[in-house]
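Fit chain B to the supplied structure of chain A, relying on the hints for placement.
Protein chains: 2
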Amino acid sequence: MDRKEKILIAASRVFRKYGLNKTKLSDIGRESGYNSSSLYYYFKNKDDLLQQMVLYDIEKIKKALKISLQDINNMKSGLKNYLMTRVEQMDIINRYEEMLQDSVMSPPLRKFFRKIEKELRIYENRLLENFILKCSKKHAKDATVITNLVLGVSMKLTVARMLDRYSLDRIEKMVDQTVKFLLRES
Amino acid sequence: MDRKEKILIAASRVFRKYGLNKTKLSDIGRESGYNSSSLYYYFKNKDDLLQQMVLYDIEKIKKALKISLQDINNMKSGLKNYLMTRVEQMDIINRYEEMLQDSVMSPPLRKFFRKIEKELRIYENRLLENFILKCSKKHAKDATVITNLVLGVSMKLTVARMLDRYSLDRIEKMVDQTVKFLLRES
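Those protein sequences? They're chains A and B, same order as listed. With positions in the first sequence counted from 1, the corresponding number in my numbering is that position plus 5. With positions in the second sequence counted from 1, the corresponding number in my numbering is that position plus 5.
Hints listed in this document are in silico derivations from the structure and should not be mistaken for laboratory results. Do not rely on the hints blindly, as some may be mistaken.
Repeated chains share a single entry, so a pair holds when one copy, or any two copies, can fit it.
Stated by the list, open to error - As a list, the in silico DSBU-like pairs of lysine-lysine whose alpha-carbon atoms are at most 30 Å apart: (1) K67 x K81; (2) K178 x K146; (3) K178 x K67; (4) K71 x K27; (5) K139 x K185; (6) K27 x K65; (7) K120 x K178; (8) K146 x K85; (9) K116 x K143; (10) K185 x K85; (11) K85 x K123; (12) K27 x K116; (13) K178 x K71; (14) K185 x K9; (15) K29 x K142; (16) K49 x K185; (17) K146 x K81; (18) K139 x K9; (19) K71 x K146.
All values reported here derive from a predicted model rather than from experimental measurement.
One chain only, chain A, in its complex shape:
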């Protein structure tokens, strides 16, 4: 792990603890073990650090989602892996809500979040649709519809997990039933 990465991970902890508004760069310095001049070498200011932290997290999420479908050549395992991975990864995004609830976001920061969310949506759509097209001739003609349903239900499961505190066991059962139904194995 390089120095910048260490700072970003420390920042994530500090932002969650104090909220974006109350966090000072010096707090992140203390938590990461580097002094302020090191921080200013990598980041222009607090907003810049936050944005780079988000980009770092999003890359991790994309990588995990990609890996969840890698070398898998049957629909059932692929869709199940994808859904479980996505519910777990979205925990990261959920933390942002906590971090940001103490502050009014600046318009550039709001724009940044909108852009990142959109890029992630496009990335996920392509990843899943390509997986279905590659994986199953039988489902190829329904690839777009299945993609929409899987990504849709993943949003519902994320809400169930984060807000309604469903256990991972319960989520897994829902995933199994959903995938079975989608693949017409019921």
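For chain B alone, coordinates are given in the frame of chain A:
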């Protein structure tokens, strides 16, 4: 329309125009044509007015969703009606984001929103699941799974409509394909 309702509708316009933080009760008075003492007769303060406005909107949404399934006895029309109605109604919720982006929500207000969202989720789950159980013996055993898929895809469609600016025509095509696939008519 009674006086309180008129004030709530005026409040919705004013909050959207100025944001929650900058809105004064006197602005809402001016917009609705009532003086401040009338407002204080119905509402304790600005937060109370906002909460009552949200409750009023949510009741309208629930009613519209209920009506979308009323007297319908085939799955295809029901699910299509529901999805189209939901995407249109969620526009109301989407406005809140605009209204609230200039302010830091107080913990009680945040708690209020969480509670309302949860109640709406439970309401929607029951409404759709009961419709499926009542409407189709063939699909009764899959009622929970279909409910999750329909509500999930409705979230995805709402995002497509609100953030990615899909036209209602395009949304309708997606709804048609989705319902067809779910009912195994493809």
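These are the hints, each one checked on the structure:
no.	hint	in the structure
1	K67 x K81	within (20 Å within a copy, 35 Å between copies)
2	K178 x K146	both (27 Å within a copy, 15 Å between copies)
3	K178 x K67	both (24 Å within a copy, 29 Å between copies)
4	K71 x K27	neither (35 Å within a copy, 44 Å between copies)
5	K139 x K185	both (19 Å within a copy, 23 Å between copies)
6	K27 x K65	within (26 Å within a copy, 39 Å between copies)
7	K120 x K178	between (33 Å within a copy, 26 Å between copies)
8	K146 x K85	both (20 Å within a copy, 21 Å between copies)
9	K116 x K143	neither (40 Å within a copy, 47 Å between copies)
10	K185 x K85	both (10 Å within a copy, 23 Å between copies)
11	K85 x K123	both (24 Å within a copy, 26 Å between copies)
12	K27 x K116	both (22 Å within a copy, 21 Å between copies)
13	K178 x K71	both (23 Å within a copy, 29 Å between copies)
14	K185 x K9	neither (44 Å within a copy, 50 Å between copies)
15	K29 x K142	neither (54 Å within a copy, 60 Å between copies)
16	K49 x K185	neither (49 Å within a copy, 52 Å between copies)
17	K146 x K81	both (17 Å within a copy, 20 Å between copies)
18	K139 x K9	neither (37 Å within a copy, 58 Å between copies)
19	K71 x K146	within (22 Å within a copy, 33 Å between copies)
Of the numbered hints listed earlier, those contradicted by the structure are 4, 9, 14, 15, 16, 18.
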